[in-house]
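Engineer: According to the numbering used here, the residues represented by the sequence shown are 1 to 413, in order.
These are computed hints drawn from the structure, not numbers from a lab. None of the values given here were measured: they were computed from a predicted structure. Check the hints yourself; a few may be wrong.
[Said to hold, decoys possible] Label pairs and their calculated CB-CB ranges:
| id | residue 1 | residue 2 | range |
| --- | --- | --- | --- |
| 1 | P120 | P340 | 33 to 41 Å |
| 2 | P360 | K315 | 21 to 29 Å |
| 3 | D31 | E173 | 45 to 53 Å |
| 4 | T23 | A381 | 23 to 31 Å |
| 5 | G32 | E165 | 37 to 45 Å |
| 6 | S91 | D307 | 45 to 53 Å |
| 7 | K44 | E318 | 16 to 24 Å |
| 8 | S10 | A355 | 52 to 60 Å |
| 9 | V354 | S15 | 20 to 28 Å |
[To be verified] Within a straight-line C-alpha distance of at most 27 Å, the following computed DSS-like cross-link-like pairs (lysine-lysine) qualify:
| id | residue 1 | residue 2 |
| --- | --- | --- |
| 10 | K210 | K46 |
| 11 | K210 | K315 |
| 12 | K101 | K315 |
| 13 | K105 | K315 |
| 14 | K315 | K46 |
The beta-carbon is built from N, C-alpha and C at its ideal position, and this holds for glycine as well.
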Amino acid sequence: MSNEIQSPESVGMSSQRLGRIDTAMQRYIDDGTVRGISTMVMRKGKVVHAGQFGHRDAEAGLEITPDTIFRIYSMTKPIVSTALMLLHEESLFQLEDPVAKYLPKFGATQVLYADGSLAPQARPMEIRELLMHTSGLTYDFMEDTPVGQLYREARIMNDATRTLEEVIDALAEIPLASQPGSRWHYSVGIDVAARLIEVLSGQSLGSFLKERIFDPLGMVDTGFSVADSNLNRLSAMYGLPDLIGRDHTGTRLVEAAIGGFNERIDVSDTYPTGTPDVFSRGGLGLFSTIGDFASFAQMLLNGGRLDGARIIGRKTLELMHANHLPSELLPWQLLGRDNPGLGFGLGSRVMMDVAASAGPGSVGEYGWAGAAKTYYWVDPAEDLVGLFMSQYMTGVELPDRAMRSLTYQAIDD
1 MSNEIQSPES VGMSSQRLGR IDTAMQRYID DGTVRGISTM VMRKGKVVHA
51 GQFGHRDAEA GLEITPDTIF RIYSMTKPIV STALMLLHEE SLFQLEDPVA
101 KYLPKFGATQ VLYADGSLAP QARPMEIREL LMHTSGLTYD FMEDTPVGQL
151 YREARIMNDA TRTLEEVIDA LAEIPLASQP GSRWHYSVGI DVAARLIEVL
201 SGQSLGSFLK ERIFDPLGMV DTGFSVADSN LNRLSAMYGL PDLIGRDHTG
251 TRLVEAAIGG FNERIDVSDT YPTGTPDVFS RGGLGLFSTI GDFASFAQML
301 LNGGRLDGAR IIGRKTLELM HANHLPSELL PWQLLGRDNP GLGFGLGSRV
351 MMDVAASAGP GSVGEYGWAG AAKTYYWVDP AEDLVGLFMS QYMTGVELPD
401 RAMRSLTYQA IDD
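Turn these sequences into a full structure, and let the hints guide you.
Structural biologist: Dropping the structure here:
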């Protein structure tokens, strides 16, 4: 896929109005909200905007460039979810299959209630629930369940010296935070899905992703490591160090003030650059560039094909990006915040009601974000892809929200 910028007018967008993205992003740099930002907009298969603002390494004076490498944290999830569905297309599993059919230790995993009592699973956790975040699993930064503390004690999320297999084996020994299917709860479910990929394919997760997604799409800078020769392109991380020390994902920072915290943070212990044979995960762990991820997103928008390479079937993607949550689990809540108008598919959120979402978009639009403030969305109705990448661990009111509004206001057809 070519990343050469084309005329916005050729695809029904306004150059003048797209220019507002540059003004707004530079304002975030100038006022100290964030150190560096990279943005991209594609419509009808053409790149019509690409911008770089600020620094990837402020101390060294290195600016953000189109090939800057980012830790994409939870934007790993849609890639791994897509990878698992490649095996569904080969009929190696069914979505309603019990997880324990392939990972037997989960058959004995109990549920821990708030009063301290334990109970067996009322019904077995299903594979689709891993991707929907309704499996009963949780994250170690969640405060609404005692299971989060057990995750912290077992170092489920912050031990990069254990393999994916070792982490998932340890996870199966810890009780669930809720009965499978009973609530939407952001979780390590897609890490379990990643382990399923290894078991079902007989390959390591990294090898499977490289062979089936990254190489066919030309995603040369995407993987669970960064070569020594490319470390100069890796963006530094900035944010609020004391909270990063408590939670490697940074998500707990929603409790902090928004913006203005731009101290450099060393996250190499929990997100290492050089141990892909050990540190590979489903819910985080990938490094990527905005151009690489744009290829993945455009492939999704194209119905599973890019530049002649068929990655996944169109009907499989339609299944993935339909809402799978029953009405009683809506609106789903993340970190104490409701998400009205949004459903959830197999690995990504899905737009159901534009007005309820309180922002521009289209029914059927989907995407996801990463803890270090990376974000993408795909809008099939408008034949549009938007991407925002940065590396900072502060706040929840993100420049990427402005990026969405600024993109949609530039549509001129």
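Engineer: Are the hints correct? Go through all of them and say.
Structural biologist: To see whether the hints hold, each was checked on the structure:
{"no.": "1", "hint": "P120 to P340: 33 to 41 Å", "in the structure": "holds (34 Å)"}
{"no.": "2", "hint": "P360 to K315: 21 to 29 Å", "in the structure": "holds (28 Å)"}
{"no.": "3", "hint": "D31 to E173: 45 to 53 Å", "in the structure": "holds (47 Å)"}
{"no.": "4", "hint": "T23 to A381: 23 to 31 Å", "in the structure": "holds (27 Å)"}
{"no.": "5", "hint": "G32 to E165: 37 to 45 Å", "in the structure": "holds (43 Å)"}
{"no.": "6", "hint": "S91 to D307: 45 to 53 Å", "in the structure": "violated (27 Å)"}
{"no.": "7", "hint": "K44 to E318: 16 to 24 Å", "in the structure": "holds (20 Å)"}
{"no.": "8", "hint": "S10 to A355: 52 to 60 Å", "in the structure": "violated (31 Å)"}
{"no.": "9", "hint": "V354 to S15: 20 to 28 Å", "in the structure": "holds (26 Å)"}
{"no.": "10", "hint": "K210 to K46", "in the structure": "holds (25 Å)"}
{"no.": "11", "hint": "K210 to K315", "in the structure": "holds (23 Å)"}
{"no.": "12", "hint": "K101 to K315", "in the structure": "holds (26 Å)"}
{"no.": "13", "hint": "K105 to K315", "in the structure": "violated (32 Å)"}
{"no.": "14", "hint": "K315 to K46", "in the structure": "holds (24 Å)"}
The earlier numbered hints that this structure contradicts are 6, 8 and 13.
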